[in-house]
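Enquirer: Just so you know, the sequences run in chain order A and B.
Just so we're aligned: the first sequence equals residues 1 to 567 in full-length UniProt numbering.
Just so we're aligned: the second sequence equals residues 1 to 567 in full-length UniProt numbering.
What the hints contain is simulated information worked out from the structure, not anything from laboratory work.
Do not rely on the hints blindly, as some may be mistaken.
Note: identical chains are not told apart, hence a pair may lie in one copy or across any two.
With a straight-line Cα cutoff of 27 Å, these simulated DSSO-like cross-link-like pairs (lysine-lysine) come out [unchecked claim]:
id : residue 1 : residue 2
1  : 371       : 448
2  : 40        : 187
3  : 191       : 282
4  : 191       : 407
5  : 333       : 371
6  : 333       : 40
7  : 40        : 56
8  : 333       : 187
9  : 191       : 448
10 : 191       : 371
11 : 333       : 407
12 : 282       : 333
13 : 371       : 187
14 : 448       : 187
15 : 191       : 40
16 : 333       : 448
17 : 191       : 333
Being a predicted model, the structure only gives us computed values, none of them experimental.
Protein chains: 2
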Amino acid sequence: MAAAESTAHDLIAQHRPTLDQALDTIRTRAYWSPHPEHPKAYGGEGSGSLSMAEGKAAFDALLGTRLDLGQPGTDDFVGGEVSPYGIELGVTYPHADADVLLPAMRAGMRAWREAGAELRAVVCLEILARISARTMEFAHAVMHTSGQAFMMAFQAGGPHAQDRGLEAVAYAYAEQVRTPDAAQWSKPQGKRDPLRLTKEFTPVGRGVALLIGCNTFPTWNGYPGLFASLATGNPVLVKPHPRAVLPLALTVQAAREVLTESGFDPNLVALTAERPGEGVAKTLAVRPEIRIIDYTGSTAFGDWLETHARQAQVYTEKAGVNTVVIDSTDDYKGMLANLAFSLSLYSGQMCTTPQNLLVPRDGITTDAGPKSYDEVVADLAAAVGGLLGDDARANALLGALVNPDVKARLEAAAGLGEVALPSREVANPEFPDAVVRTPVIVKLDGTKPDAEAAYLSECFGPVSFAVAVDSTGDALELLRRTVREKGAMTVGAYTTSDDVAEAVEEVCLEECAQLSLNLTGGVYVNQTAAFSDFHGSGGNPAANAALCDGAFVANRFRVVEVRRDGA
Amino acid sequence: MAAAESTAHDLIAQHRPTLDQALDTIRTRAYWSPHPEHPKAYGGEGSGSLSMAEGKAAFDALLGTRLDLGQPGTDDFVGGEVSPYGIELGVTYPHADADVLLPAMRAGMRAWREAGAELRAVVCLEILARISARTMEFAHAVMHTSGQAFMMAFQAGGPHAQDRGLEAVAYAYAEQVRTPDAAQWSKPQGKRDPLRLTKEFTPVGRGVALLIGCNTFPTWNGYPGLFASLATGNPVLVKPHPRAVLPLALTVQAAREVLTESGFDPNLVALTAERPGEGVAKTLAVRPEIRIIDYTGSTAFGDWLETHARQAQVYTEKAGVNTVVIDSTDDYKGMLANLAFSLSLYSGQMCTTPQNLLVPRDGITTDAGPKSYDEVVADLAAAVGGLLGDDARANALLGALVNPDVKARLEAAAGLGEVALPSREVANPEFPDAVVRTPVIVKLDGTKPDAEAAYLSECFGPVSFAVAVDSTGDALELLRRTVREKGAMTVGAYTTSDDVAEAVEEVCLEECAQLSLNLTGGVYVNQTAAFSDFHGSGGNPAANAALCDGAFVANRFRVVEVRRDGA
Numbered sequence: 001m002a003a004a005e006s007t008a009h010d011l012i013a014q015h016r017p018t019l020d021q022a023l024d025t026i027r028t029r030a031y032w033s034p035h036p037e038h039p040k041a042y043g044g045e046g047s048g049s050l051s052m053a054e055g056k057a058a059f060d061a062l063l064g065t066r067l068d069l070g071q072p073g074t075d076d077f078v079g080g081e082v083s084p085y086g087i088e089l090g091v092t093y094p095h096a097d098a099d100v101l102l103p104a105m106r107a108g109m110r111a112w113r114e115a116g117a118e119l120r121a122v123v124c125l126e127i128l129a130r131i132s133a134r135t136m137e138f139a140h141a142v143m144h145t146s147g148q149a150f151m152m153a154f155q156a157g158g159p160h161a162q163d164r165g166l167e168a169v170a171y172a173y174a175e176q177v178r179t180p181d182a183a184q185w186s187k188p189q190g191k192r193d194p195l196r197l198t199k200e201f202t203p204v205g206r207g208v209a210l211l212i213g214c215n216t217f218p219t220w221n222g223y224p225g226l227f228a229s230l231a232t233g234n235p236v237l238v239k240p241h242p243r244a245v246l247p248l249a250l251t252v253q254a255a256r257e258v259l260t261e262s263g264f265d266p267n268l269v270a271l272t273a274e275r276p277g278e279g280v281a282k283t284l285a286v287r288p289e290i291r292i293i294d295y296t297g298s299t300a301f302g303d304w305l306e307t308h309a310r311q312a313q314v315y316t317e318k319a320g321v322n323t324v325v326i327d328s329t330d331d332y333k334g335m336l337a338n339l340a341f342s343l344s345l346y347s348g349q350m351c352t353t354p355q356n357l358l359v360p361r362d363g364i365t366t367d368a369g370p371k372s373y374d375e376v377v378a379d380l381a382a383a384v385g386g387l388l389g390d391d392a393r394a395n396a397l398l399g400a401l402v403n404p405d406v407k408a409r410l411e412a413a414a415g416l417g418e419v420a421l422p423s424r425e426v427a428n429p430e431f432p433d434a435v436v437r438t439p440v441i442v443k444l445d446g447t448k449p450d451a452e453a454a455y456l457s458e459c460f461g462p463v464s465f466a467v468a469v470d471s472t473g474d475a476l477e478l479l480r481r482t483v484r485e486k487g488a489m490t491v492g493a494y495t496t497s498d499d500v501a502e503a504v505e506e507v508c509l510e511e512c513a514q515l516s517l518n519l520t521g522g523v524y525v526n527q528t529a530a531f532s533d534f535h536g537s538g539g540n541p542a543a544n545a546a547l548c549d550g551a552f553v554a555n556r557f558r559v560v561e562v563r564r565d566g567a
Numbered sequence: 001m002a003a004a005e006s007t008a009h010d011l012i013a014q015h016r017p018t019l020d021q022a023l024d025t026i027r028t029r030a031y032w033s034p035h036p037e038h039p040k041a042y043g044g045e046g047s048g049s050l051s052m053a054e055g056k057a058a059f060d061a062l063l064g065t066r067l068d069l070g071q072p073g074t075d076d077f078v079g080g081e082v083s084p085y086g087i088e089l090g091v092t093y094p095h096a097d098a099d100v101l102l103p104a105m106r107a108g109m110r111a112w113r114e115a116g117a118e119l120r121a122v123v124c125l126e127i128l129a130r131i132s133a134r135t136m137e138f139a140h141a142v143m144h145t146s147g148q149a150f151m152m153a154f155q156a157g158g159p160h161a162q163d164r165g166l167e168a169v170a171y172a173y174a175e176q177v178r179t180p181d182a183a184q185w186s187k188p189q190g191k192r193d194p195l196r197l198t199k200e201f202t203p204v205g206r207g208v209a210l211l212i213g214c215n216t217f218p219t220w221n222g223y224p225g226l227f228a229s230l231a232t233g234n235p236v237l238v239k240p241h242p243r244a245v246l247p248l249a250l251t252v253q254a255a256r257e258v259l260t261e262s263g264f265d266p267n268l269v270a271l272t273a274e275r276p277g278e279g280v281a282k283t284l285a286v287r288p289e290i291r292i293i294d295y296t297g298s299t300a301f302g303d304w305l306e307t308h309a310r311q312a313q314v315y316t317e318k319a320g321v322n323t324v325v326i327d328s329t330d331d332y333k334g335m336l337a338n339l340a341f342s343l344s345l346y347s348g349q350m351c352t353t354p355q356n357l358l359v360p361r362d363g364i365t366t367d368a369g370p371k372s373y374d375e376v377v378a379d380l381a382a383a384v385g386g387l388l389g390d391d392a393r394a395n396a397l398l399g400a401l402v403n404p405d406v407k408a409r410l411e412a413a414a415g416l417g418e419v420a421l422p423s424r425e426v427a428n429p430e431f432p433d434a435v436v437r438t439p440v441i442v443k444l445d446g447t448k449p450d451a452e453a454a455y456l457s458e459c460f461g462p463v464s465f466a467v468a469v470d471s472t473g474d475a476l477e478l479l480r481r482t483v484r485e486k487g488a489m490t491v492g493a494y495t496t497s498d499d500v501a502e503a504v505e506e507v508c509l510e511e512c513a514q515l516s517l518n519l520t521g522g523v524y525v526n527q528t529a530a531f532s533d534f535h536g537s538g539g540n541p542a543a544n545a546a547l548c549d550g551a552f553v554a555n556r557f558r559v560v561e562v563r564r565d566g567a
């Protein structure tokens, strides 16, 4: 057995059970994850992974270094990341000459295609395993680029992101093996001999895929596209957000290591960082070599990509306005606690955080008696205040504001209406320069035209609007209009009425939005679990794709058939 | 059991075995069809289908009538089809007021969604069964709109088109049931109670689908998009080519009958015909209600749709330039006979007909000894001449030219180079007005820049270019360039060399084109079989989708999830 064959054999033996479990789970959509989300699972004898302390040390050792990935066509090393916690990372990364790098990335495509779907899948799983072993190092990299608190950076940036990557590999594999490698075709011709053909079917990648990373969830939002493209035979060029390069640079490093060790061209995965204001994504996106683009970010640039990058398949997650309809509840405390957590987590800087809370102005019925609009809003404000009253807990939940724009929006929000809960500045003793703020809740009258401009725009950050509406029926109409016009990654609703539940479900089915109903426990509207929950629907303006489904992978490759006479 | 439930039960009992066989065959890609392609299978006691004579009578009875489909928003009846065989059809069809019809088409969406994937699939199969029973009537409708000869109109417009429709239903069903209807999700929390959610998943259609039909294969090219959209929960508005309305109008009629009988809104499938020069496709394509478009036709309008109908998923099959590389053969006679048939069938008016035959100018090796370029071309011309020497056989193979543009192109082609085989006018005793022509073969020098304009454009119709190239290597480079720049629905190659075979395969894999290698028997490069062969690749400029695969169906619907606390 040749060395490469032996490696392939080993990788399949090692990872096929995980792939099979992932394939099974995307069908059942039960709970499963191979990536532990408790810090204690990392490090220690035989674990093969860095402990929390080792991860911190590995991260510290990266600071101020040049991350030379050994890529062709590197014309410079650039970088200027400043952590939302105040640290200057001082890491520099390759800046690519695309005219050299892109052809070099295509050079390995034939061998990668010839490897076939299964070997591509297990190579991807090995990359994820290497990343998983460095989860604690990634946790710090995500924390100090996104501003997420450590625990969230570890969980969402580590195991949850790895889950989403694995999920994409499973979908990609399943899609490719729907067509067999070969077929014998024999068509009866009555008394004459049958017509016979031998057919071979090969999944072929489309070309170089471009991953345009985001600032807030560089790994979680990046891995689905990266692994879906790679697993379907495409080289992937990673262009991280300039403020969140490190997590994706480490990802590219791990991928290049594994590709090299398994006998493939490391240039199948490459990174390009950019200089401030260079806007390299715009230049790269329309190059003829780029045939797939994955993007998470603003609606403006997402729309630009969809309009101009016509040579590519473009998958976008853009802005949206997430709504929670509050009609009634049989667990008032649970509802308030659940919402308070949803609004607070990562200072509301999730694309899934609720923004508009629609409450009938005549109030709602609850297990604690009827509550007026003002009471509901005051009680929610108190719940958020209570949750974040302790600075240590507030820091652990909120993290830091990711950039000055968020802070500016937060400050401006107080002027949009009556402030039900003012934002509070929280000191971070470990990182005195971190900008930590609790959410603001602003009361708006849903029938006032001047309020509409506020609640019908995405106000990304720790800003929520408690919108008074005339009735639950009006809330549903506003929900429908919001999803249709502005898009939504999530919708929440609280009701004890079967009729209202059915009506809100119907709006979500018709407008294509993912609905969480009556969440009062430890699952939040802004969280989705890989293998089970869809992230976005791909059917409203917030995103043209969902994570993850068949549509997310099926058009990243094509099947080429070669047929010959005879059996 | 209610009436609707009983109908659903019956339809499932009746059609589920066929659906299962289709699902199995798209996985094995072996030969299968439930639609017989021999005329004798139609008609007779207990067959439930029209015989050839009954089909002719049914077609004759349609002539000169108004086909009132009972659609809302019909503001006029229009029609002006003239058969390529000279008959004026005189049938008029509904012309729609889209402002009335489109909302009416959306009205049935909820019930259609709630029916679920399986019931939608078997309703589609029942529609196909009704169409199958009228195959002989459709045969005449296809013949007298496309100009295909009767046997081809019967086979390609009947059973083969129905196969492609069924294939699309199978893919659509398989795609929708990849996600279960419901799931229980339970996430362990150490010593605490697990987190538990109940999840429901519903495939939801995107909105109204628009099918823009073509002149040459109204049913074969129309059914995949029509049935893929309908089976995934979308209403379908059919806008036929003005010269080929009848086959799709009969299709809509059958669909509306079955929808009504099975308790659904017939307006889920509707037709709109247009007045001469109205260009209604352009107006409809950009309406906000239209969320899916399927189109077969010119590159210019396909590109226009892709650019402007941004609110819709757009699936296009456009023009291409199909190449056959002739390097060597061990069955010279078989090759010539196979190519002669491919060039002649339906007067070369197939999107899959070879156009450019690339032959090394120093000649090729064959089992009949070396043959010079001139000899190969002369022998091919003789083979075509022999095949079409008898007028009756010529009429049966060629059919009629579909429109005056094809005739004009054919006449102009003789001026592009040395004519190796002149086109011959064939008299049709049954239809004296039919324009029947044999193919022209024109010799071109592949190295001459002035020849390039000819062989690098699609010359749709019975025109082939025998292009002299310096070597097989040059042929492969020209093949690559042609596919990359102009697109191709098919590629053919003849070679006895393993190295050349591998090289041509590699070009097709890299440029994403479907390859037929060394066909010398009764299968032709321009024919593909549903359930087994892909029609187009979706990866070169000739088409952005393939018939049929996961990508063709996966984005016609989205999955909406509703999750609730608790198990």
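Enquirer: Starting from the hint list further up, note which numbers the structure goes against and sort them upward.
Expert: 3, 4, 6, 9, 10, 11, 12, 13, 14 and 16
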